[in-house]
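Colleague: Sequence:
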Amino acid sequence: MHLALGSKDFYNRGVKKYILRNQPKQAALDTFRQAYQSSLNEQQFQVATAPDGPALVIAGAGSGKTRTLIYRLAWLVHRGVPPESILLLTFTRRAAHEMLKRAAQLLDERCQRVSGGTFHSVAAAILRRYGKALGLAPSFTILDRSDAEDVIQLLRGEMGFSEKGKRFPKKGTLSDLFSKVQNRLLTLDEVVEQEYPHFTDQIELIRSLFTRYQKYKTDRHLVDYDDLLVDLYALLSEHRPIRDALAEQYRHLLVDEYQDTNKIQGEIVRLLGRDGRVMAVGDDAQSIYSFRGADFQNILRFPNYFPGTELYKLEENYRSMQAILDLANAVIAESARQYPKHLFTRKEGGMKPALVRAQDESEQSRFVAQKILELREEGIPLSEIAVLFRSSFHSFDLEIELARCNLPFEKRGGFKLTETAHVKDLMSHLRILVNPSDAVSWNRLLLLIPGIGPRTGQKMIAKVQQEGREALRGFARGPQAEAISRLLDMLAQAERSDSLTDRIEQAMEYYLPLMKNKYDDYPKRTKDLEHLLVIAERYRTLDRFLSDLALEPEESIIDVAGADSDKEKLVLSTIHSAKGLEWRVVFLIWALDGYFPSIYTFTDEAELDEERRLMYVAITRTKEQIYLSYPIRIFHRTSRAFLSKPSRFIESVPEEILELWMLSEEN
DNA sequence: GAGACCGACGTTTTT
DNA sequence: CGTCGGTCTC
170 MHLALGSKDF YNRGVKKYIL RNQPKQAALD TFRQAYQSSL NEQQFQVATA PDGPALVIAG
230 AGSGKTRTLI YRLAWLVHRG VPPESILLLT FTRRAAHEML KRAAQLLDER CQRVSGGTFH
290 SVAAAILRRY GKALGLAPSF TILDRSDAED VIQLLRGEMG FSEKGKRFPK KGTLSDLFSK
350 VQNRLLTLDE VVEQEYPHFT DQIELIRSLF TRYQKYKTDR HLVDYDDLLV DLYALLSEHR
410 PIRDALAEQY RHLLVDEYQD TNKIQGEIVR LLGRDGRVMA VGDDAQSIYS FRGADFQNIL
470 RFPNYFPGTE LYKLEENYRS MQAILDLANA VIAESARQYP KHLFTRKEGG MKPALVRAQD
530 ESEQSRFVAQ KILELREEGI PLSEIAVLFR SSFHSFDLEI ELARCNLPFE KRGGFKLTET
590 AHVKDLMSHL RILVNPSDAV SWNRLLLLIP GIGPRTGQKM IAKVQQEGRE ALRGFARGPQ
650 AEAISRLLDM LAQAERSDSL TDRIEQAMEY YLPLMKNKYD DYPKRTKDLE HLLVIAERYR
710 TLDRFLSDLA LEPEESIIDV AGADSDKEKL VLSTIHSAKG LEWRVVFLIW ALDGYFPSIY
770 TFTDEAELDE ERRLMYVAIT RTKEQIYLSY PIRIFHRTSR AFLSKPSRFI ESVPEEILEL
830 WMLSEEN
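The working numbering applies: residue 170 is where the first sequence begins, and numbers increase by one.
Certain hints may be false.
Below, in silico cross-link-like pairs of lysine-lysine (DSSO-like), each with a Cα-Cα straight-line distance of 30 Å or less [as the list claims (entries may be wrong)]:
id : residue 1 : residue 2
1  : 580       : 482
2  : 432       : 736
3  : 748       : 521
4  : 693       : 632
5  : 516       : 585
6  : 270       : 736
7  : 340       : 685
8  : 384       : 194
9  : 339       : 516
10 : 738       : 521
11 : 432       : 339
12 : 521       : 593
13 : 521       : 580
14 : 386       : 301
15 : 521       : 194
16 : 540       : 521
17 : 585       : 386
18 : 748       : 736
19 : 748       : 738
20 : 340       : 384
21 : 687       : 270
22 : 194       : 270
23 : 540       : 593
24 : 270       : 580
25 : 339       : 540
26 : 270       : 540
Since the hints were derived computationally from the structure, they do not count as laboratory data.
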């Protein structure tokens, strides 16, 4: 099979190279097998040493997917593939780092040279290098979600849409809509028709806003998350020499979490991996990102994109006790999965999962906190315990209770430090140093100055765009003139410094008085900014620092938080952020029908199915014990309904699998 | 034109 | 509870 596949593409590359690369394969395989066969099961070993042709690996939860990918990397490098020519695409950058590190430990340092990252970060890197072909300056600024919404809001106002009586979509809705157009490679008409039919009568206005939004970004070298992918796609599909150069550079593609790629990412893989040297790994049962355009049909379509695809399955679960798996299987059984697989474990028995009913939210929090204290007494470290939930705010009450019990925790998911107003304020001063035409940042920092509002701000930005920032000196009058002068002096000084931390300190010195003016809780916010300085110390250049913060807002922070405290911590996490992780004990709170699944998904079959998969992901994070809890008599204001039932995904699970617990207050 | 104030309103998950 | 949009005053 391998030869038949290979022969097709090696015409392009030359016979000599092909033979050279593959000649020592049998010998390599023998030594590799000897060294590592005992570390992998047969299925995993087959995947790790699979031939170069297209491969799709359906890896069940806890089946050692990451481990297998690490051995795959090690195998390729061991076999003599230059590490630089391997591209590893993962869901988070942390996942990529982790894998390369472990592969390096396994084999040798060469594995660290493998190229890896998220689709977005890889796209950013490629675009900085080749974006010129699309008219993109290498210093382009990456807009995060709220930056993008700021621009949309600005244009929305400019166009005079805020007329009375007419309902025009809000910035968040518009941003979602535009995002779907880009991610799913659909037309605006299609998206409006499918998802926002109530705005059909405004479609012309929406379209013109979309056009203006795109132009606004292009003119100012601004790139939003979707543009990163769309532009990379354009680069690959419209610029043949660049595509050839990249395909030559990245001869082997490894794509993790393939079920959560969206249409355009699928196309990028197809274009980059046109040789067919692509291995995609994923689990259709764990697809939980369709809200941002992920299409798990991608994983089903893979064999069509890449004729001759070998299908592998990893079905042995090494993570969970049988009792946990029974629950997971019961939950997912109702779902219409496309790749049938049979997950099994050899870890017999285990504690039966518990369904805990609490009288109200407060009792739920007290139950979780107390149980965690007990578990710690029993010798289970806090780092082996996690509390998971559907939405970030679900943990608010628990966070207070944990603080009361002196239980240290780390929260993942939800609001990020880099998304807070004061951090964005400070960053905007740095961003214009890299990209002087970054109007989003200019707008942000000018409006901080007392006496400068939206109108004056816009005029000033226009001035800067035409004549450069020094032109502002003559422009500002009265009390603003002094503030502008201080701003320009600070920027000039920062420009002269070559140390990143110096630059940030200068920006802080300028910004802190403004911040104190704006926020009453400035002491807390000052701490955040100092924390940012700590993060910055790991970076050499400003562009890299800004780019990373825009692409991975939370991780850069978690790393530092994890490094500076050796204290053991409990993890509180949204289920989305818990993907790929595992703990001995898991609490799933708010397993209340109406919260999880959310009441808003009740009417949509596909969304409901995604919620179910989300529940499956939560359960399969567990190694030994899981407690699902829900409070009763919760009043849902919008729908004016009382919620008292456990999640529909677990309600009909028999008592042999899921045990009901009643709480009785002893204290 | 800036900024304070008031009433209305509401899903959530992330690169 | 916090954000959004509109209105009012300086």
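Colleague: Can you give the numbers of the hints that this structure goes against, from lowest to highest?
Modeller: Numbers 1, 2, 4, 5, 8, 9, 12, 15, 21, 23, 25 and 26, in rising order.
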